[in-house]
Amino acid sequence: MLALVRIALNRPYTFVVMAMLIVIAGVMSWVRTPTDIFPAIRIPVVAVVWTYNGLPPEDMSGRVVYFYERAISSVVNDIEHVESQSMSGYGVVKIFFQPSVNINAALAQISAASQTVLKLLPPGITPPYVLSFNASSVPVIQIAVSSDTMSQSQIFDYAQNFIRPQLATVAGAAVPSPYGGKVRQVQIDADQDKMRSYNITAAEVVAAIGQQDVITPVGTQKVGSKEYVVNLNGSPESVEALNDLPIKTVNGATVRIGDVAYVHDSSPPQINLVRVDGSNAVLMTIVKAGSASTIDVIDGVKTLMPRLREIVPPEVKLALVGDQSAFVESAVHSVIFEGVLAAALTGMMILIFLGSWRSTLIIIVSIPLAILTSVALLAATGENINVMTLGGLALAVGILVDDATVTIENINYQLEQKKEIEVAIMDGARQIVIPATVSLLCICIVFVPMFGLGGVSGYLFLPMAKAVVFALIGSYLLSRTLVPTMANYLLRGHAHDPDAPPRTIFGKFQHGFERVFGALRDAYARTLTAAIALRWRFVLSFVGFSLASLLLVPLLGQNFFPTVETAQIKLHVRGPTGLRIEETGRLLSQVEEAIRTVAGPESVASIVDNIGMPISGINVAYGNSGTIGTADADVLITLQPEKETESEALVEKLREKLPELFPSVTFSFLPADIVTQILNFGLPAPIDVQVVGSNAAGNRILANKLLKRIALVTGVADARIQQPADQPTIKVNVDRIHANQLAVTEKDVATSLQISLAGSIQTNPVFWLNPKNGVSYPVVAQTPQYWMQGLSDLARIPASQGNSSQILGAVASISRANSSAVVSHYSVQPVIDIYATTNGRDLGAVSADIRKIIAELNAEKPRGTLIVLRGQTDTMNSAYSQLYAGLALAIVLIYLLIVVNFQSWLDPFVIVTALPAALAGVAWMLFATHTTLSVPALTGAIMCMGVATANSILVVSFARAQLAEGSTAVQAALEAGVGRFRPVLMTALAMIIGMAPMALSAEQNAPLGRAVIGGLILATIATLIFVPVVFSMVHSRKSRADDAAPQIETEPRHG
Amino acid sequence: MVEDTAAPPKRRSRARWLLLLVVLALSAYVGLSVLHRRAQQAELSTWTRARAVPYVSVIHPHIDLKPQALSLPGRIAAWYEASIHAQVSGYVASWSKDIGAEVKKNDVLAVIDTPELDERLSEAREKLSKAKAALELAKVTSQRWSALRNSSAVSKQSADEKASDEQVRQADLGAAAANLDRLKAQKAFAKITAPFEGVVTARNIDIGSYVAPSQTGEPTFKVADIHEVRVYVNVPQVYSAQLKPGMNATFTTPQWPGRTFSTTIATTSNAIGALTGSLLVEMDTPNPDSALLPGSFATVHFEIPTDPSALRIVSSALSFDEHGMRVATVGPDNRVRFKPVAIAKDFGAEVLVASGLKLEDQVINNPPETLAEGDEVRIGAAAAPAASAAK
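Chains as they are written, first to last, in our numbering: chain E, 1 to 1055; chain S, 1 to 391.
Source of the hints: derived by calculation from the structure; they are not laboratory data.
It is possible that some hints are incorrect.
Said to hold, decoys possible - Cβ pair distances, simulated, as ranges:
(1) E:Arg863 to S:Gln40: 55 to 61 Å
(2) E:Gly864 to S:Arg37: 39 to 45 Å
(3) S:Gln41 to E:Glu329: 33 to 39 Å
(4) S:Thr46 to E:Val899: 54 to 60 Å
(5) E:Pro862 to S:Arg378: 30 to 36 Å
(6) E:Glu593 to S:Ala69: 32 to 38 Å
As the list claims (entries may be wrong) - To give a feel for the contact side, a few chain E residues facing chain S, derived at Cβ under 7 Å:
(7) Arg196
(8) Asn199
(9) Thr645
(10) Pro659
(11) Thr714
(12) Gly715
(13) Val716
Ideal Cβ positions, reconstructed from N, Cα and C, are used throughout, including at glycine.
Using the sequences plus the hints, can you model the full thing?
In structure tokens, the structure reads:
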């Protein structure tokens, strides 16, 4: 290290160039690195989407999903867990992997497995979609496509076939099918009455289409010198022509399709409806995929907008909604602002303390260089710029000052001893090389546990730890290289003479400050003397106070992450199970009206309703709002920006008002902000109590019981069961024997029912190529839903295939039943989820209460059933236990490090005794600011430990030096305290001031700032008073050989 | 700050007071904060508990005498329908009524050219003349021989023979006349006539086509009387008990969308057909404007009278689980009471409750599946929008 300093003095250009390189590398990395809200959470998830039109959830679960889940659990490696949702027509299997997985191999295995099971699945099923994404794949922006003049199906066609392919070119954007609108499809409206009058079954109609609309390449013929392409009129030119296709000829009379049905360009029955401020629209959601940056994806979409507007006709309006970039940018900007403000404030503080703009300049130059070093290193290790790394850098600013300040102070001190500049620099460097290295190591060590964090919190906090550690290492190296170089130039001949009379106003101010500071130091010296005099009483009361303060911790409450206010509210509405889309739409208009009334008309900027099931399973896989059918709807309420702060109060009001206005409708507020969506990891709520097991009836009763108990837990809101089992179901029971006597088979009934209700597409896929636009549209025979209204209409549909004319009612009885609206599995076992969120109380306390309920109900659970608490609570608990364990480990590591440094078991102990005070300070600050414990707060606490230890080391090493020079323990302690008063106070103040902007903000990292400030205030007091006192006690005792063991060894360690 | 207390001895007591003050202030702060948080917690607890009591919407059962409808496919037949076959073989010489023609009884529809019959007719005529002539001769001969016998010029035997011969000739004449009559009658069939007043619904012959008497081939003409039509419905066995003669019904046909025809059940076959598994029900309907064409398909809606005491509720109020079919009612104490009900008839959107429900019961519409006996509920907005689902 000293060699470096020597180079700095002898070959000064080296480090000037190095500084320039750092600037270049840092700025380049800054510009090139994608900016995002969070670090990439590389927990790979693969979603496999099975589609089988009209298959009920229970059959989807039993006949498709189970097969597949079992298959993949035996052939795919590194699975963390598998969960699935089986809905009407869709089965979505999500495979969560260990972070160590080779995702490409896993994808290959997953695809292979889906081909293998295909043969075992219902006939006609197509291979699934396989989508790969990760926890941070959340919707980042939406495009609302609407038009006053065009039909819904035309808008959808534009969105699906023209806008979507363009959007797919935006790097990092995943674009599922549009929501809302109507899919274009050729519908054969089979008229039951006409078919009956011609004695034609629906199957014959479908067969006729299949036989008359063929896609068969007929080949070429060589005639003369040419080879001719032979073109068959295999497919009619227009949809209308399909009406003329013959079905059969009886007695010379030809029955055409148009005679018994009406073929037209239409759409399947609507299952998804989107309304933007009350008018129908199509919504295109853009999901961030992979490690792309939110901002880049949104910017890409925005730059594409003019092109998209050109592609669609002028009457189609495109509007951007749910733009998360403002949120991300404001979060990032506010962190940058906090950092810059921190640097400025610290700079001013240093200027005041040092009273020399030259010294200050050196420090102020080294801070951005250290940060740029960190940015460059972060970019090199593949991290993006995000709130966490920026927070880490803001956090580092305070510590960065430390290294440079200590170096400069020491050089100044040496200069004041009238040494030559080079000598002063060398001596100054030599004096602090060991303590500086040790304190660097200390702060790095406290971040070591961060590297062991698993899961989401690991991905979030590791970059932060990296940012801090990189900045510190950079600063450490700079203080050995650039700082001496600059000192050599700037401080030459500018030895600070404290006795010289002030010349400028600033000089006078500084002079005055020095006087005040001197008085403060005197007061401190008196206090320290008194404390040493009353050492026992003082130590005991201080330790007592620290320990008593820790009693505040349980009062703080625990959250995983602090909540941030956003101007968006996402409301999930679930009508009575099985509510039809038209009714849900009607319900939603009323809900919308109620929301506007409750919120006040001028507060709401826009409301977007997304009602019912998306038309594609891919959307189901990307969705995280828990939509399972047409009775579900998501309402995205955007408040006027100035009403942002009222969102929480509004949610509470809506929670009171809406259930009263709309009985039997379930309302739940989902996280609208990208942060919570990421933290929830695809779940619609932070609390997820799962009842796992195959005893369906028993588990249902248990889940209902659990739900009722959980709903009563203070601070719980929106408690609900995700899987309703009361999907209204019509059971058609064919009496097979009776049917057989009438020459009707079960299959006849099934075919007839399918074509009448579900349509023919799944079992008899037929396509018609529109020669005008080159799109192949499915041709589906189906009885229009409005013709099938009552149970008697169902009973009347033809059951037989031949000439006998039996109706369904003749061979089957029709009854009511309930069935599952969705079947969920977790690790290949059926599961019922109870979702809940918190309202006005911390997640930790609420989950503790829920855990109690679970423990009580565990006695009543059926055999083989498991009640598990998952969701954010689970992630939070694992993060907390990892952080607590990390904290304990950090203390042990720090202790061991100082043991090596001081070659003593006792002095490190003295230093460690100051740590509980830091924790006490954290507790007090959080308590006073009504901040709950959270992962950022814990990070702050860890940070405090590092800084507190570093400061204590300075004091103790100084005291040891005095002791070695022959002072008594008390004298040494006093001198160390007074001697180190200034640098310790400076470091602590630098940090506190540096953290102040962050602590005062309302962002995610505010608790971190608060914890650091609180912790440092008490830790500094401990460093300056408690540590010297303990040092004096320990060493005076040591000097009195063979004395009894000091009582303060009962000092507890908080872990 | 709490530790800033130690000081030189003279200031010690002051410092001690300061320390005490700081400790007291901190304790007071903590104490007050904790109390405040407790109060907040209690408030929150009340709020949470209030949210946990679900709102429900209630409906009342009602009585509706609107008859129940049973819709079944049927087929329309003419009041009378005759298939007219040719009685003589021959070629069609002319036809005078085409399909759709309204005919009176005995109107000639077509004439068949019967050359063979005509030949046989003249032959028969010849035979008749011959027989007549023969009879004349025999008569004369007999008279002569009779006179001769009187004069005993001939034997009695011979005279008897001549008399007998006359009788034979007489009979021959009768036979020949009968043969002629038969052929004449047959010749009459060469003119195809309408058997009753009605409409020609089929014409399968044209001039020159050969026709021959046959029971199996195509009829030459079909004539139907559609002043009234009969609607036949094959009622599946399961519904057969509900239908009685005299019951009202309406029906619609695909060709007359929006038009409803009224009718009543005339009779039933009173037997379930083995092949069809159904009861044949016949309804007679006047057809003044001839709108109903025989052979048409019809959708028949039988109006089955409703039990006037049976209550109706919307089907969304039903809840079924392991306890069977129940409805949740709200008692006067705002507690949920489940009542088992028996469904008499399911109309889809509504059901007819056979038993278990009273008119004044407050029935919860769309009961949440988590609702249990004895749960406290609040009655929410009266006109729950979701209730309109049950249209």
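To see whether the hints hold, each was checked on the structure:
{"no.": "1", "hint": "E:Arg863 to S:Gln40: 55 to 61 Å", "in the structure": "violated (42 Å)"}
{"no.": "2", "hint": "E:Gly864 to S:Arg37: 39 to 45 Å", "in the structure": "holds (42 Å)"}
{"no.": "3", "hint": "S:Gln41 to E:Glu329: 33 to 39 Å", "in the structure": "holds (37 Å)"}
{"no.": "4", "hint": "S:Thr46 to E:Val899: 54 to 60 Å", "in the structure": "holds (55 Å)"}
{"no.": "5", "hint": "E:Pro862 to S:Arg378: 30 to 36 Å", "in the structure": "holds (32 Å)"}
{"no.": "6", "hint": "E:Glu593 to S:Ala69: 32 to 38 Å", "in the structure": "holds (37 Å)"}
{"no.": "7", "hint": "Arg196", "in the structure": "holds (5 Å)"}
{"no.": "8", "hint": "Asn199", "in the structure": "violated (9 Å)"}
{"no.": "9", "hint": "Thr645", "in the structure": "violated (19 Å)"}
{"no.": "10", "hint": "Pro659", "in the structure": "holds (5 Å)"}
{"no.": "11", "hint": "Thr714", "in the structure": "holds (4 Å)"}
{"no.": "12", "hint": "Gly715", "in the structure": "holds (6 Å)"}
{"no.": "13", "hint": "Val716", "in the structure": "holds (6 Å)"}
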